[in-house]
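Colleague: Start from the sequences and build out the full structure, keeping to the hints where you can.
These are the residues of each chain, in order.
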Amino acid sequence: MMADQIQFFFEVLIGGLLSGVMYSLVALGFVLIYKTSGVLNFAQGSMVLFAALTFVQLREKGLPFAVAFLITLILMAVLGITVERTVMRPLLNRSPIVLFLATLGLSYIIEAGAQLIWGTQVHALDLGISDTPIQVGPVSISQFDISAALISGTLVAALVFFFQRTRTGLTFRAVADDPFAALAVGLRLSRIWALVWITAGLIALVAGLLWGARLGVQFSLSLIVLKAFPVLVLGGFDSILGTIVGGLIIGATEKLAEVFVGPLFGGGIETWFAYVVALVFLLIRPTGLFGQKVVERV
Amino acid sequence: MNEALPLPRTPSHPSPTFFLLFLFTFIPMHTHSLSRSFIGRLGSASLASLLLLGGLTGCGSQKQAGDSTTGSTPTAAAPAGGSNLDVNLKEQFFPLQSYRVGPYAAGGTGFFGGFIDYLNLINIRDGGVNGVKLTWDEGETQYEVEKGIEVYERLKDRPNIAAWNPLSVGIAYAMIDKVTQRRTPLITINHGRTDSTDGRVFPYVFPLLLNPYSETSGIINYLGTREGGQDKLKGKSIVVLYHGSPYGKETIPIYELLAKKYGFKVQQIEVPHPGNEQQAQWLTIKRINPDYVVLRGWGVMNPVALRTAQKVGFKADRIIGNVWSNSEEDVRPAGEAAKGYIAITTQASGKQYPVLQEIIKTVYDKGKGNLADKNRIGSVYHNLGIVNGILNVEAVRIAQEKFGKRPLSGDEVRWGFEHLQLDPARVEKLGAKDLFHSINVTWKNHEGDGRVTFQQWDGNKWNVISKWIAPDWALLRPIIEASAKKFAQENNIQLRTEADVDKVVK
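Those protein sequences? They're chains Y and H, same order as listed.
No gaps in the numbering here: position 93 of the first sequence is 134 in the numbering used here, and each next residue is one more.
No gaps in the numbering here: position 437 of the second sequence is 701 in the numbering used here, and each next residue is one more.
Quick caveat, the hints were computed from the structure, so don't treat them as lab data.
Glycine residues also receive a C-beta, built at the ideal position from the N, C-alpha and C atoms.
Don't take each hint at face value.
Claimed, not checked - Derived EDC-like pairs: lysine to aspartate or glutamate, alpha-carbon spacing no greater than 16 Å straight-line:
hint, chain 1, residue 1, chain 2, residue 2
1, H, Lys615, H, Asp637
2, H, Lys442, H, Glu417
3, H, Lys603, Y, Asp167
4, H, Lys529, H, Asp581
5, H, Lys708, H, Asp766
6, Y, Lys102, H, Glu417
7, H, Lys550, Y, Asp167
8, H, Lys725, H, Asp581
9, H, Lys770, H, Asp637
Stated by the list, open to error - Covered stretches of chain Y (in silico footprint by chain H; criterion: 3 or more residues with CB under 8 Å from a CB of chain H, positions within the stretch not fixed):
hint, region
10, 196–206
11, 256–263
12, 299–313
Modeller: The following block contains the structure:
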């Protein structure tokens, strides 16, 4: 009986951790843009929807996976550059709240545009990854979740490497640290910001494919941003590593809470419980686990 | 290089507290799926955001796309068939609070497409109902209550309104007082508040064919049949996986009641809105290992339930979906995981029924079909729209027999609905044999004793796998009456009597 309890606990825990990695994937897009431009891009969910809808429609038109992926990526790059040119650049000197509200408006435009171009139908997306469980010892784990976690982990590792080890990554960090100084040493801000938005588009595409395969490609994809916010608060808005750690903590705690604490409240607690965890962390560490402390000269 | 750019300001990073406070203020955590308060608020905010965006970016004045998409269908755009503000004495008007964009557009386009297709069929084939042309106008609601009410306010003064058909619990709830005051029927086919079945308290509300309690009873009756008799349910274990919203919770007491009556064990597990994560719930179900899971879902919750069930090794043919978990949109995204899944329905899918064949021949072949994608003809939502069209049109026809072959007032159409009795022979005559069974609405019973059937998904289409099943109306009626009476007491409503039925305002 006790062994059964322990096994169940670990099944829930592992399931939660794997779900958490999926949350991290969404949070990653936010962090990337926030880190380099100080903008919390509320349109990230809409970009996920747009990318997934575009990809699935191209696939349904008979294009091979790689071609559909490439075309979608190009479209996401065009979208990213357009957003940077037409929305972000004109608002460059505005306060963060203005930029945030601008991205909020942008999210509706992208959502509406996606439905206008691709229609309102729900689509299935098969990535060829089986979703049947495999046994790891006494615990059964979803193959799809393991694959999704591996893809997400690889993406995070690649981004960390990019930011730490490449020249372009270093310029991203320079712009994030001090745009004035970056300008003074001749860095091309417009190019950098365009690149950031393109990279966010790539992340949106990967997230769209994995979440789309899970939920179906439909409007609700844009709501997955709600899963990313507690992760961001916990991990820090500007930490790539923080998204992974935050995602794991949020994923595991919300699932364990739902199963073991939920019955005391009548169930259905996992969504708000994630925000409770985030709030508690906020009280203890306002910048999140890995967020940079902002020191301002007064 | 950077001259074109304005100088950046050092990003004064807003604190996470701000964003979290924003979220808590902006997004209510206790979401009500069907009233769509979350989406509603987002939608309300969108206008401000867009205006702000337009203003801030210096893009000049942006023309705000109106929410109303009046006359969006070919017929609706034509003066004779849809939107026209002139009072035409030979027209009966249907205001449509449709949703063709937003999260539930797939269902909205199917349902309203089917409804309009049927109205078009009557106009083209028969020249209307006894010479009275059917007209309509659409207002886009995006399934949001606020927008639904805006559309109501915009269209409520149009002449000869037959009935309102919002296909939204939230919008319907918000309209009950209004339609009662204006004496116009409000149709909530297969949904709505259960106690509006009691026509003594709700004279203008009609949850036609199936209310949530009947649906619950229908599902349990089916499981009894499947087990070889209701007595075989004793000792069985059933989990109800419900959407975390008033809609999802509405049937909790009925499952408890039926569990007591038949001796099965029931456990009811909530999935928080929108339901895109169900790992915890399905691991719990795996542990319980019930004989059946009843899926009382909505939107994205349905395919995710099926996929997660597969993930934990629970077979799809032991999952029974409710009436809002029974469409192609609910199963297609789940792929292989949905094969074998069973769901309740009041109307079969497919296009083999004579009425659908006539719609294809008379409406679609003449380029007047409402669905953009002809492959959706005969889908669950499209057929529900057609059945809804049949019920609305027949109510008008019945009322015309009483009041004359002319455009009717809302109250006269109410009388028609209260005498909407279509037996299987009449249903066959309408070309809908096996599409739906029958309906028997009375002034007291606004649901009309609709029968249900069960369909199984084979990976490509739904196949009917049961006979028409009758819910246990006798068991449910006292509960419905008690709830309606309570509502009447709280709102100082005097119960109608049979004598009131014929008091009709022209």
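Colleague: All hints, please: hold or fail.
Modeller: The hints, checked one at a time:
1. H:Lys615 to H:Asp637: holds (14 Å)
2. H:Lys442 to H:Glu417: holds (10 Å)
3. H:Lys603 to Y:Asp167: This hinted pair holds, its Cα atoms lying about 15 Å apart.
4. H:Lys529 to H:Asp581: violated (19 Å)
5. H:Lys708 to H:Asp766: Holds: Lys708 of chain H and Asp766 of chain H sit about 13 Å apart, inside 16 Å.
6. Y:Lys102 to H:Glu417: Given pair Lys102 of chain Y, Glu417 of chain H is violated - Cα atoms ~43 Å apart, limit 16 Å.
7. H:Lys550 to Y:Asp167: This hinted pair is violated, its Cα atoms lying about 25 Å apart.
8. H:Lys725 to H:Asp581: The hint holds at about 15 Å.
9. H:Lys770 to H:Asp637: violated (41 Å)
10. 196–206: violated (count 0)
11. 256–263: Coverage by chain H holds here, the residue count being 6 at a Cβ distance below 8 Å.
12. 299–313: holds (count 10)
Checked against the numbered hints above, the structure breaks hints 4, 6, 7, 9 and 10 and satisfies the rest.
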